[in-house]
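Turn these sequences into a full structure, and let the hints steer you where they fit.
So the chains spell out like this:
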Amino acid sequence: MEPTQRSDADATQTELVPIRKDDYRLEQLDEELLLYHPNGEKIVYLNQTGSLIWGLCDGNHNTEQIIDLLSQAFPESADAIPSDVKTTLKAFKEAGCIEVKPKSNP
Amino acid sequence: MKTHRLCFAGTILAIASEGEGPDRIIDFLFSDIPRTDLDPPHVTFRLIQENKTGEFRLYRENKLERRTQSQTAMIAYLLDRTVYHLANHSRTGLVFHGAALAWKGRGILLPGRSGSGKTTLAAWLLTHGFDYLTDEMTFIPLDTTQLQGLARPLNVKKGSQGVLKEMLDADILPKEMVSDGTRTIAPPRAFGPYRVLRSVPLRLILFPHFSSQNDFQMVGHTKGENALHLMGCLINARNLPDHGFSEVVRLARTIPAYSAKYGQIDQVGDAIIKTMNTIVERGEVGPTIRTA
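Keeping their order, the protein sequence lines are chains A and B. Its first residue numbered 15, the first sequence is counted upward by one per residue in our numbering. Its first residue numbered 9, the second sequence is counted upward by one per residue in our numbering.
Everything labelled a hint here was simulated from the structure, so no lab data went into it. Nothing here was measured: the structure is a model prediction, and the numbers come from that model. For every residue, glycine included, the Cβ atom is placed at its ideal position computed from N, Cα and C. It is possible that some hints are incorrect.
Which residues of chain B face chain A? A few of them, derived with a C-beta cut under 7 Å, are [to be verified]:
| no. | residue |
| --- | --- |
| 1 | C15 |
| 2 | T230 |
| 3 | K231 |
| 4 | G232 |
| 5 | A235 |
| 6 | L236 |
| 7 | M239 |
| 8 | A245 |
| 9 | H251 |
| 10 | V257 |
In structure tokens form, the structure reads like this:
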């Protein structure tokens, strides 16, 4: 039996993307963000880079795409960006302010 | 029986004392804290001293809460419990764990948990011309930047007693202080001539970090860092809308903040005086400044 070839549609359906949780409140202070959960248990501080990554957790960008976008925007920091993005997304997940879900088809 | 109604941070705490010993304790602890005629109190204590045994007994809402032969132990217990209950019922502003003093009418807030060095720093500033608000509990009413402090005696832990000995007024020692080996409780008058202020405009926030190993470093906080650290020192968050987050952010946007690591108290004390003089000269709230 020949192995089943996955179609592009199949690959998209299983692609995982980070999505911000709606119940976090955002407060912007200059270039920084504070994420606050109404139950008062968590506050997450984001510097400028963290704020950009948060903004890209919109359900439309996977990790690699976030890295690519930031690397294009900040080429001088391209070496550090992959590690920064992965660390930040991990921190978001541990803080409970994002979910990682399959990207929904349009 | 005398009843004293203390008012702080929108909370009324009533404490009745019966007898010379209890009266002395109440006077020692609360003589600099404003009284009120408002009723009803949020919390009621009663302090008595047994005639036969000399034992001190503290009742809260008519239930026995603490009994001890030691005047010092009762003073220390009441010192802590009043802070707890005043904060626990406060809903009209931000209650921060921190010291507060004033320089030429401008307030400085020193937020920090136990062991951060804020009481020792408060005592040093007191002996260098600052006016006293508190060494432990501060209050900022909602929608204001007015700084208030619970003007209780300073609670000096064992590790700082050597440093503070040099600051204390020898003419006042030792009768004005109490000590139990783990801490010394000293009213502000033990440090020499002083003024207690009720409320001053807040102009500076400084987070002290003492360690004998530290080299001196004073660094300006961004507004976001300021808000994050202030939230960590907020002790009545659960009583406030959105846990006080909006109010803390408002404060963080407005008041400049620094973090100071130090091993020698003179270093940070001198830096504070210099910064406060700059603020006074400017006549307004200044921007956050980074120094190292």
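*Which numbered hints does this structure break?*
1
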